[in-house]
Amino acid sequence: ILNVEQSPQSLHVQEGDSTNFTCSFPSSNFYALHWYRWETAKSPEALFVMTLNGDEKKKGRISATLNTKEGYSYLYIKGSQPEDSATYLCAFMSNTGNQFYFGTGTSLTVIP
Amino acid sequence: DAGITQSPRHKVTETGTPVTLRCHQTENHRYMYWYRQDPGHGLRLIHYSYGVKDTDKGEVSDGYSVSRSKTEDFLLTLESATSSQTSVYFCAISLADQETQYFGPGTRLLVL
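Protein chains in written order, with the working numbering: chain G, 673 to 784; chain V, 1107 to 1218.
Read the hints as simulated data drawn from the structure, not as lab findings. Any given hint might turn out to be false.
Said to hold, decoys possible - Derived Cβ-Cβ restraints for the label pairs, each shown as a range:
(1) G:687 <-> V:1211: 23 to 31 Å
(2) V:1124 <-> G:729: 42 to 50 Å
(3) V:1147 <-> G:746: 19 to 27 Å
(4) V:1211 <-> G:682: 23 to 31 Å
(5) V:1185 <-> G:685: 42 to 50 Å
(6) V:1156 <-> G:687: 38 to 46 Å
(7) V:1168 <-> G:754: 35 to 43 Å
(8) G:768 <-> V:1214: 30 to 38 Å
(9) G:754 <-> V:1124: 15 to 23 Å
(10) V:1188 <-> G:746: 36 to 44 Å
(11) V:1171 <-> G:754: 24 to 32 Å
(12) G:689 <-> V:1177: 43 to 51 Å
(13) G:681 <-> V:1194: 42 to 50 Å
Unchecked claim - Some residues of chain G that are not near chain V, with every Cβ distance over 12 Å (derived):
(14) 676
(15) 690
(16) 718
(17) 737
(18) 741
(19) 746
(20) 756
(21) 769
Note that the Cβ used here is the ideal one computed from N, Cα and C, for glycine as well.
The shape of chain G in the complex, shown without the other chains (with noise of 0.2 Å):
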């Protein structure tokens, strides 16, 4: 068993505001780390793959930086909306193992 943990565990933010968390996973044997945003009631939607240090994936607002050699990565949402507001997961898998280990989430509220 893997550890990844994400922080913070929980998040509130003004509508415009920027903010950003994030994931921490085991600097050796790295592979793969996924973003999913998790709406409350639906299930898990990928946001971003991530398999090189260095890489900065961007989707509209959102963005995530990858640093493999330090075991973190970085979700970013610049001017928060209330559409914004979920439960974002990483989700780590080595290159010794076959299955992801999925981080506990940071849940993102945001007050318009």
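Got chain G; can you put chain V on it based on the hints?
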């Protein structure tokens, strides 16, 4: 949206009874997964399949078995349900092991 369905969507059963959950996909994806989601634990992998009749254990496989006789169907069986198996179960599919996972709508199981 990926064509993934789960059945049943809700089930209440009694301790000691067998339960089978079905995941059906129309995407012809090679990989299929069963996760459980519990408060404080995020998503944890139960079993996965990398092809017809090819399955392997995940992080929390005790008390569960799976079968995949066709590409499109992945069955999860609780041979003798226990209260600790009360959870929300998600099926997911992917083209390859490191690729994006697409999740089904979930099955809410209550074991009394």
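| Okay, residue 754 of chain G versus residue 1124 of chain V on CB: inside 15 to 23 Å? | Roughly 44 Å apart at Cβ, these two residues miss the hinted range, so it is violated.
| request: Return holds or violated for the Cβ distance of residue 1188 of chain V and residue 746 of chain G against the range 36 to 44 Å. | output: holds, 40 Å
| Non-interface claim for residue 676 of chain G: all C-beta distances to chain V beyond 12 Å? | violated, 8 Å
| Holds or violated: 42 to 50 Å for the Cβ distance of residue 681 of chain G and residue 1194 of chain V? | violated, 19 Å
| request: Could you say whether the range 19 to 27 Å given as a hint is met by the Cβ separation of residue 1147 of chain V and residue 746 of chain G? | output: holds, 23 Å
| query | How does the Cβ-Cβ distance of residue 1124 of chain V and residue 729 of chain G compare with 42 to 50 Å: does it lie in that range? | reply | holds, 43 Å
| task | State, for the Cβ atoms of residue 1185 of chain V and residue 685 of chain G, whether the hinted interval 42 to 50 Å holds or is violated. | result | holds, 46 Å
| field | Status of the stated non-contact between residue 769 of chain G and chain V (beta carbon gap over 12 Å) | value | Incorrect as stated: the minimum Cβ-Cβ distance to chain V is 10 Å, not above 12 Å.
| field | Consistency of beta-carbon spacing, residue 687 of chain G to residue 1156 of chain V, with hint 38 to 46 Å | value | Since the Cβ atoms of residue 1156 of chain V and residue 687 of chain G sit about 44 Å apart, the hinted range of 38 to 46 Å holds.
| request: Could you see if the CB distance from residue 687 of chain G to residue 1211 of chain V stays within 23 to 31 Å? | output: holds, 29 Å
| query | Would residue 746 of chain G pass as off the interface with chain V, using Cβ distances and a cut of 12 Å? | reply | holds, 19 Å
| message | Between the beta carbons of residue 768 of chain G and residue 1214 of chain V, is the distance compatible with 30 to 38 Å? | response | holds, 34 Å
When the structure is compared with the earlier hints, violations turn up for hints 9, 11, 13, 14, 16 and 21 and for no others.
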